[in-house]
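Take the position in the sequence shown, starting the count at 1, then add 56; the result is the number in this note's numbering.
It is worth saying that the hints were derived from the structure and are not from the lab. Note that this is a predicted model, so its numbers are computed, not measured. The reader is advised that the hints may include incorrect statements.
Said to hold, decoys possible - As a list, the in silico DSS-like pairs of lysine-lysine whose alpha-carbon atoms are at most 25 Å apart:
hint: 1; residue 1: 184; residue 2: 120
hint: 2; residue 1: 767; residue 2: 183
hint: 3; residue 1: 235; residue 2: 256
hint: 4; residue 1: 371; residue 2: 266
hint: 5; residue 1: 219; residue 2: 195
hint: 6; residue 1: 265; residue 2: 488
hint: 7; residue 1: 318; residue 2: 262
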Amino acid sequence: MNRLLTLLLLIFTVTAYSQSTFNVSGTVLDSLKQPVEAATVYLSKERDSTLVEYTMTDVKGNFKLTFNKLSEPSVLKVSMVGYKDFTKKFSNGISEDTDIKTLILREYGNQLDEVLIVATAPPIRVKKDTLEFNANSFKVRPDANLEELLKNLPGVQLDENKKITVNGKPVNEILVNGKPFFNEDGAVALENLPAEIIKKVQVTDKKTKKEKFTGEKSRTDDASINITIDEDKNKGHFGRVSGGYGSDKHYEAGMFLNTFNKRRKISLIGSANNINAVGFSMDKVFDNMRTGRSRGGLTESRMLGLNFVEDVSDKLKINGSYDYNFAETEQANKSSTTKFLPSGQFSTDSNSSSLGGNEGHRGNVSIDYMGEKDAFYFSPYFSKDHTYNTSESNQISYDEKGEKLNSSNSSSSSRGNSNSFGTSARYTRKLKQKGQYFSVELNNSNRSATNDALRESLTQFYQSDKPDDSRRQFRQNNTTTDNYGLSLEFTQPITDSLQISVGTEWNRAQNINDLQVFNYNEANQGYTDLNILETNRYTDIGTTVAPYVNFALNKNKYNINVTTKTQIVKNTANALYNAKWYSLDKHYVDPNINAMINYRLSKNNSLFGIYRYNVNYQSATQLLDITDISNPLSTTIGNPDLKPTGQHNVNLSYRSYNFQTRAGYSISANASIYDNSIVGSVIYDEDKKAISTYKNIQGNYQWGITGDWYKNSKWGEHALRYGIMLRYNQTISNGYIDGATYTATGNTIGPRVYLTYDYGEWVSIKPSYNYNHNTTNYTNFSVDKASNFTHRFNIQTTTYWPKKVTFGNDFAYNYNSQIAKGFKKDFFMWNVSLAYDFYKDKFSAKMKVYDVLNQNTSSTRTIDPMQIVDTESLVLKRYVMFSLTYKLNEFAGMKKGANKGRGGMGRPMRVMR
57 MNRLLTLLLL
67 IFTVTAYSQS
77 TFNVSGTVLD
87 SLKQPVEAAT
97 VYLSKERDST
107 LVEYTMTDVK
117 GNFKLTFNKL
127 SEPSVLKVSM
137 VGYKDFTKKF
147 SNGISEDTDI
157 KTLILREYGN
167 QLDEVLIVAT
177 APPIRVKKDT
187 LEFNANSFKV
197 RPDANLEELL
207 KNLPGVQLDE
217 NKKITVNGKP
227 VNEILVNGKP
237 FFNEDGAVAL
247 ENLPAEIIKK
257 VQVTDKKTKK
267 EKFTGEKSRT
277 DDASINITID
287 EDKNKGHFGR
297 VSGGYGSDKH
307 YEAGMFLNTF
317 NKRRKISLIG
327 SANNINAVGF
337 SMDKVFDNMR
347 TGRSRGGLTE
357 SRMLGLNFVE
367 DVSDKLKING
377 SYDYNFAETE
387 QANKSSTTKF
397 LPSGQFSTDS
407 NSSSLGGNEG
417 HRGNVSIDYM
427 GEKDAFYFSP
437 YFSKDHTYNT
447 SESNQISYDE
457 KGEKLNSSNS
467 SSSSRGNSNS
477 FGTSARYTRK
487 LKQKGQYFSV
497 ELNNSNRSAT
507 NDALRESLTQ
517 FYQSDKPDDS
527 RRQFRQNNTT
537 TDNYGLSLEF
547 TQPITDSLQI
557 SVGTEWNRAQ
567 NINDLQVFNY
577 NEANQGYTDL
587 NILETNRYTD
597 IGTTVAPYVN
607 FALNKNKYNI
617 NVTTKTQIVK
627 NTANALYNAK
637 WYSLDKHYVD
647 PNINAMINYR
657 LSKNNSLFGI
667 YRYNVNYQSA
677 TQLLDITDIS
687 NPLSTTIGNP
697 DLKPTGQHNV
707 NLSYRSYNFQ
717 TRAGYSISAN
727 ASIYDNSIVG
737 SVIYDEDKKA
747 ISTYKNIQGN
757 YQWGITGDWY
767 KNSKWGEHAL
777 RYGIMLRYNQ
787 TISNGYIDGA
797 TYTATGNTIG
807 PRVYLTYDYG
817 EWVSIKPSYN
827 YNHNTTNYTN
837 FSVDKASNFT
847 HRFNIQTTTY
857 WPKKVTFGND
867 FAYNYNSQIA
877 KGFKKDFFMW
887 NVSLAYDFYK
897 DKFSAKMKVY
907 DVLNQNTSST
917 RTIDPMQIVD
927 TESLVLKRYV
937 MFSLTYKLNE
947 FAGMKKGANK
957 GRGGMGRPMR
967 VMR
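Please model the complete structure; the sequences and the hints are all you need to start from.
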């Protein structure tokens with residue numbers, strides 16, 4: 057009976073909703089009676105220009121708006137770049153379906169004088185290759201940030217890791233007024249840029265600085281987002297400062313301060329905590345707390361960053377940043393490994409603990425000049441790091457009967473320092489003919505590092521008469537890496553759509569690794585005895601000259617770009633080992649191919665494909681016939697007969713988005729095929745000590761396919777975003793083990809379902825489910841198959857009621873189907889946050905609980921081509937945190953009490969013709 061009543065209530069609700077909604081439909085044509093695609097059609101209230109609904113015309117010029125009954129005067133507008141707006145008023149509102157049939161958009165004339173047209177900006181507009189959103193048209197919470205605004209834009213998706221896609225295309229750059237906001241990945245801007253100062257969100261293909269200057273088409277499949285700031289708010293200060301202290305001496309502190317005007321921006325960020333939050337994050341609900349997932353180890357970190365952007369003039373821009381980072385991590389791990397062999401298998405149980413840290417300084421400056429004929433870019437950078445680590449470990453290996461094979465106990469302590477410096481410089485000159493230019497680019501990177509380590513180990517063998525291996529050593533390792541590059545390019549247009557570029561690249565890379573090992577001398581009570589069998593010095597020098605030719609064909613519907621190179625390579629490998637010098641020279645001439653096509657089937661449908669062929673060359677340690685005995689349980693020998701590895705990569709993607717239905721999907725496929733893969737060839741003795749070398753093998757490849765479908769729906773105060781993603785990947789791995797060849801075929805399938813429901817400004821609910829299934833089939837092993845699957849269910853809820861109160865929950869369940877005895881298969885993870893805003897909403901007091909049920913764990917199973925590894929790590933457990941946050945928002949043109957959220961249609965705009 058209860059189910060029947062529920063069903064009847066649902067039918068009544070849907071019927072009532074369908075009866076209270078109405079449609080306005082029609083077809084948009086130009087003056088030649090041709091359909092106008094991607095014209096923006098939007099309906100607003102005449103009284104205050106509040107946006108009611110919007111859509112875009114399809115390829116046939118058709119549109120359909122669906123909305124609730126309107127009882128007040130309303131205005132329908134159709135807008136398209138290059139055309140005069142079409143306007144139709146409904147003085148009595150709209151209370152029935154309306155078919156306007158045919159609408160004619162009139163083109164602007166060819167007059168050169170400026171015409172000022174007072175109009176409201178449409179919510180969405182397509183300008184050539186740019187998709188533009190008017191931020192004022194999308195309602196968000198009063199204190200919303202850029203992240204929340206993006207989630208409300210049609211076709212924009214943010215996954216659980218805050219990776220952005222627009223109509224299925226990945227976004228790898230976020231700019232503010234055309235300039236980076238700290239880093240180009242935009243992570244800081246997402247969490248900290250207030251939505252209330254944003255005027256437009258512009259999406260276009262990501263371009264290099266050179267492509268922007270020359271006007272070339274992008275050669276990548278990535279998108280770029282540019283955020284423009286309201287002119288009357290393009291001066292001010294904003295930021296947040298927070299601090300918290302909790303149980304078990306846990307603490308967190310975060311700071312983001314930004315001051316800016318039209319020409320200058322200065323930002324300061326800082327963070328300090330001992331809750332595993334490495335880097336910078338100021339999530340509005342959970343602050344630095346990492347939600348839904350566990351991270352192995354216990355990490356205490358600190359960071360400080362300063363960034364500035366200065367527009368010296370309209371042509372010259374300077375950008376610089378400095379970062380200080382410190383992180384110290386305590387680790388405790390246990391693992392169980394099953395190694396497969398043609399004749400059987402053996403297992404290894406191990407335990408380890410460590411305490412390690414890194415302290416680093418990084419800085420960079422970029423000078424970017426872009427004139428009418430010349431463009432110059434210069435960017436130096438530096439970094440300085442100090443590392444330290446102490447560790448202990450033990451392991452025991454058993455045969456199939458459970459009898460001991462070998463055991464090892466070791467401890468170590470190390471300290472290291474490194475310094476890096478590099479520059480990148482490029483000059484581009486436009487020549488007389490349009491599309492004709494010359495460019496030269498120079499770059500270098502130089503790094504030196506030292507590492508001093510004390511190591512002690514005892515390795516015992518149980519099934520042979522090999523003596524115990526006891527070591528007590530001091531190891532001093534010095535490395536230097538120097539890379540230099542020069543490229544020259546000349547571009548000549550052949551026709552309006554075809555251009556050819558010719559150029560050459562020169563690169564020189566040198567790597568020196570100098571290792572000295574000293575054994576402990578009991579008589580001298582010091583590390584004075586040089587171990588010549590472990591002391592070595594390797595030098596790799598690679599010089600490449602690569603002349604190339606590039607063809608670029610750009611049409612209205614598609615663009616094709618093909619680059620072919622001839623790599624003329626000389627690799628020199630030298631080494632000093634056992635007081636003897638080894639040397640080997642290798643010469644190669646290989647092709648390098650990069651071909652790309654981008655086909656725009658319509659304004660909302662596109663096909664992208666890319667093919668690459670590249671050759672990867674061997675290292676000195678792989679080539680030289682030298683025996684490395686630094687690991688008591690594994691000896692490695694080089695192979696002078698190794699061949700380089702050729703790699704073919706193919707990527708295809710198709711994307712479609714329908715603005716009328718607010719639904720889209722994308723399908724992508726990739727494949728990699730390897731010629732002469734370099735693999736390890738391992739032989740185990742009776743104690744299962746490994747003796748390995750390097751060999752080439754054919755037949756290795758991998759391929760995968762991913763599909764994603766998503767949709768946005770909105771009715772009244774209700775908003776729903778949902779989708780499903782499915783990915784499949786297969787990897788074929790061939791190799792050598794115990795004198796025989798093997799094949800491992802790995803298959804991974806992983807669907808994901810996600811949903812977000814928002815009710816006005818009061819409630820947000822985000823459930824998601826991830827399933828991952830791994831199966832590996834073996835040939836020539838003692839086992840035929842290994843598999844496991846994982847489940848992960850997560851639900852995040854945030855309520856903003858009562859007023860000024862924010863209550864957040866993040867609940868996850870994780871399950872691992874196959875894992876060794878003694879490892880936990882599943883656990884619940886639940887985090888809670890409760891915040892109260894006060895003093896004109898400038899302060900927020902918050903209480904958070906991490907891992908409410910105290911079940912957090914980190915158990916994983918990894919299936920490799922030759923082994924299964926189960927691991928479990930030390931994790932952060934339950935704690936309570938109390939924090940206080942101060943928010944600063946002061947902008948020019950901001951009226952008192954104006955922070956009331958976004959919505960409506962914005963201000964009039966100037967239109968030029």
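The hints, checked one at a time:
| no. | hint | verdict |
| --- | --- | --- |
| 1 | 184 / 120 | holds, 23 Å |
| 2 | 767 / 183 | holds, 24 Å |
| 3 | 235 / 256 | holds, 15 Å |
| 4 | 371 / 266 | holds, 14 Å |
| 5 | 219 / 195 | holds, 22 Å |
| 6 | 265 / 488 | holds, 21 Å |
| 7 | 318 / 262 | holds, 24 Å |
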